[in-house]
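Given the coordinates of chain A, work out where chain B should sit on it, guided by the hints.
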Amino acid sequence: AQSVTQPDIHITVSEGASLELRCNYSYGATPYLFWYVQSPGQGLQLLLKYFSGDTLVQGIKGFEAEFKRSQSSFNLRKPSVHWSDAAEYFCAVVENTGGFKTIFGAGTRLFVKA
Amino acid sequence: DGGITQSPKYLFRKEGQNVTLSCEQNLNHDAMYWYRQDPGQGLRLIYYSQIVNDFQKGDIAEGYSVSREKKESFPLTVTSAQKNPTAFYLCASRGLADQETQYFGPGTRLLVL
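These protein sequence lines are chains A and B, in that order.
All you need for our numbering is the position in the first sequence, starting with 1, plus 47.
All you need for our numbering is the position in the second sequence, starting with 1, plus 359.
Everything labelled a hint here was simulated from the structure, so no lab data went into it.
Hints should not be assumed to be uniformly reliable.
As the list claims (entries may be wrong) - Only part of the chain A face toward chain B is listed, based on derived beta-carbon distances under 7 Å:
#1 Q89
#2 G90
#3 F147
#4 T149
#5 I150
#6 F151
#7 A153
#8 G154
#9 F158
#10 V159
Claimed, not checked - Taking lysine-lysine pairs in the BS3-like style, the calculated list, with each CA pair at most 27 Å apart, reads:
#11 K148(A) / K416(B)
#12 K148(A) / K96(A)
#13 K148(A) / K430(B)
#14 K368(B) / K416(B)
#15 K429(B) / K368(B)
#16 K442(B) / K416(B)
#17 K108(A) / K160(A)
#18 K368(B) / K430(B)
#19 K429(B) / K148(A)
What the hints assert, rightly or not - Covered by chain B, according to a simulated footprint, are these stretches of chain A (three or more residues, beta-carbon under 8 Å):
#20 58 to 72
#21 75 to 88
We put the beta carbon where it would ideally sit given N, CA and C, even for glycine.
The following block holds chain A by itself, in its conformation from the complex:
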């Protein structure tokens, strides 16, 4: 069965430091991959997505993610974190079938310290 693993439950980084959030997936074919962000008490906002082509994808708010097939990973990065980036981040995989079922990771909570 397909699964998504986000190994880090929470991460703390200093404002201005770089960030990398890890995501590993289990899926037989090339999946559709997503990163969402959720501020407290809010819905999920799409940051970026990967379907095919260039393995480095750019998203909103200065985020990027790199698809590495050999490692079954889709890690999210940002070169310089802002205090407003503090939120929960979800990696997701969509099964490339007719139903397009989405499987979410458990999330990584990002804390930003001044």
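For chain B alone, kept in the frame of chain A given last:
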């Protein structure tokens, strides 16, 4: 502006009471979804609907019911059979033009009195 709205933002349920959470979208999306979110557990799928008058159970449908009488609307009823309803509920939709991507509403927090 196109989007997904959920109401109310907060909802309180008494023991033995059914409550209904509203989800409306004006994105002309065919598919709609309900998820439950608990701390540390990510999102779990309750029900989904790919077309009007049709819906399927997700992974945790017990104690919940839905209807899809209109394309724009996908209300979720939390019945008295759901013994642990306290959670954050998220509605999402997906359209044909961007069919791999789900877009989410702002959520409803349900609390039991």
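Verification of the hints:
1. Q89: holds (6 Å)
2. G90: holds (4 Å)
3. F147: holds (6 Å)
4. T149: holds (6 Å)
5. I150: violated (9 Å)
6. F151: holds (4 Å)
7. A153: The hint holds - A153(A) has a Cβ within 7 Å of chain B, the shortest such distance being about 4 Å.
8. G154: holds (5 Å)
9. F158: Given a least distance of 15 Å, the restraint on F158(A) is violated.
10. V159: Since chain B brings no Cβ nearer than about 20 Å to V159(A), farther than 7 Å, the hint is violated.
11. K148(A) / K416(B): Distance ~12 Å between K148(A) and K416(B) Cα, so the pair holds.
12. K148(A) / K96(A): holds (15 Å)
13. K148(A) / K430(B): holds (19 Å)
14. K368(B) / K416(B): Measuring from Cα to Cα gives roughly 24 Å; hence the hint holds.
15. K429(B) / K368(B): holds (22 Å)
16. K442(B) / K416(B): holds (18 Å)
17. K108(A) / K160(A): Holds. K108(A) to K160(A) sits at ~18 Å (cutoff 27 Å).
18. K368(B) / K430(B): holds (22 Å)
19. K429(B) / K148(A): With a Cα-Cα distance of about 22 Å, the restraint between K429(B) and K148(A) holds, given a limit of 27 Å.
20. 58 to 72: violated (count 0)
21. 75 to 88: holds (count 4)
Hints 5, 9, 10, 20, counting from the list given before, are not met by this structure.
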